[in-house]
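All chains should be built: construct the whole structure from the sequences, respecting the hints.
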Amino acid sequence: SQQGEEDPQALSIQEGENATMNCSYKTSINNLQWYRQNSGRGLVHLILIRSNEREKHSGRLRVTLDTSKKSSSLLITASRAADTASYFCATSRAGKSTFGDGTTLTVKP
Amino acid sequence: GAGVSQSPRYKVAKRGQDVALRCDPISGHVSLFWYQQALGQGPEFLTYFQNEAQLDKSGLPSDRFFAERPEGSVSTLKIQRTQKEDSAVYLCASSSTRAGLQVQETQYFGPGTRLLVL
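In the order they appear, the protein sequences are chains G and Y.
Numbering of the first sequence is given in our numbering, commencing with residue -10 and proceeding in unit increments.
Numbering of the second sequence is given in our numbering, commencing with residue 6 and proceeding in unit increments.
Honestly, the hints are just simulated from the structure, not real lab data.
Check before you lean on any hint, since a few could be wrong.
Claimed, not checked - Capping the alpha-carbon separation at 30 Å, the derived lysine-lysine pairs in DSS-like fashion look like this: (1) 59(G) x 85(G); (2) 45(G) x 83(Y); (3) 15(G) x 45(G); (4) 62(Y) x 16(Y); (5) 59(G) x 15(G); (6) 62(Y) x 19(Y); (7) 83(Y) x 19(Y); (8) 62(Y) x 59(G); (9) 62(Y) x 83(Y); (10) 85(G) x 62(Y); (11) 45(G) x 58(G); (12) 15(G) x 16(Y); (13) 16(Y) x 83(Y); (14) 89(Y) x 16(Y); (15) 97(G) x 85(G); (16) 89(Y) x 45(G); (17) 85(G) x 58(G); (18) 19(Y) x 15(G).
Unchecked claim - Coverage of chain G stretches by chain Y, computed from C-beta distances (three or more under 8 Å per stretch; other residues unrestricted): (19) 0 to 6; (20) 63 to 70.
Backbone N, C-alpha and C define an ideal beta-carbon position, used for all residues, glycine too.
Okay, here's the thing in structure tokens:
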């Protein structure tokens, strides 16, 4: 079974709007990572947040981590049509990464 | 530099046929991972190597699945007597650090091999 669960499963917004995706997980972690996957392609690493960090920024991306609630969120600001993709969170523990089923984001031009 | 490459990109196999999927990690990367991704789902861990040692193969779905990395670089995932349920995208990833470290570094993914078993 999957460790992480993303919410919502699908999200459709207009270009320029912000997109927020959430991830919940079940067990303790070393770090949590967010990945992006365009249709038919491999995964691209976006950002890693360690278990002792609460917030991290990278360009238009903002990730938060709440270990007490075992949850994380990914915020994409000022979205672009090119941000259309599936987004996955992955938790790492004892060398193994476990992925959720992803959020499919559609950004309409 | 070159990223992770996988071959073939697409493979159609008849049920019962054996297949071999190849992964070329980023040069010098210590850790190598295999994942299986079914349509509409996230990747599921299969196995990982640290150099040539297979340290975790708990995700391999059956004994028909076998992975090797004999010289600590290129890896091959072999599926014997393929079944329809083996149809999926098989992703390979590599990392410059040893998996399991507290400060595990990023995994870099290849484009995947899409396997269809008829």
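Consistency of the hints with the structure:
no.	hint	in the structure
1	59(G) x 85(G)	17 Å, holds
2	45(G) x 83(Y)	39 Å, violated
3	15(G) x 45(G)	21 Å, holds
4	62(Y) x 16(Y)	23 Å, holds
5	59(G) x 15(G)	7 Å, holds
6	62(Y) x 19(Y)	26 Å, holds
7	83(Y) x 19(Y)	15 Å, holds
8	62(Y) x 59(G)	26 Å, holds
9	62(Y) x 83(Y)	13 Å, holds
10	85(G) x 62(Y)	10 Å, holds
11	45(G) x 58(G)	17 Å, holds
12	15(G) x 16(Y)	35 Å, violated
13	16(Y) x 83(Y)	13 Å, holds
14	89(Y) x 16(Y)	13 Å, holds
15	97(G) x 85(G)	35 Å, violated
16	89(Y) x 45(G)	42 Å, violated
17	85(G) x 58(G)	21 Å, holds
18	19(Y) x 15(G)	38 Å, violated
19	0 to 6	violated (count 0)
20	63 to 70	violated (count 0)
Hint compliance for this structure: hints 2, 12, 15, 16, 18, 19, 20 are not met, and every other hint is.
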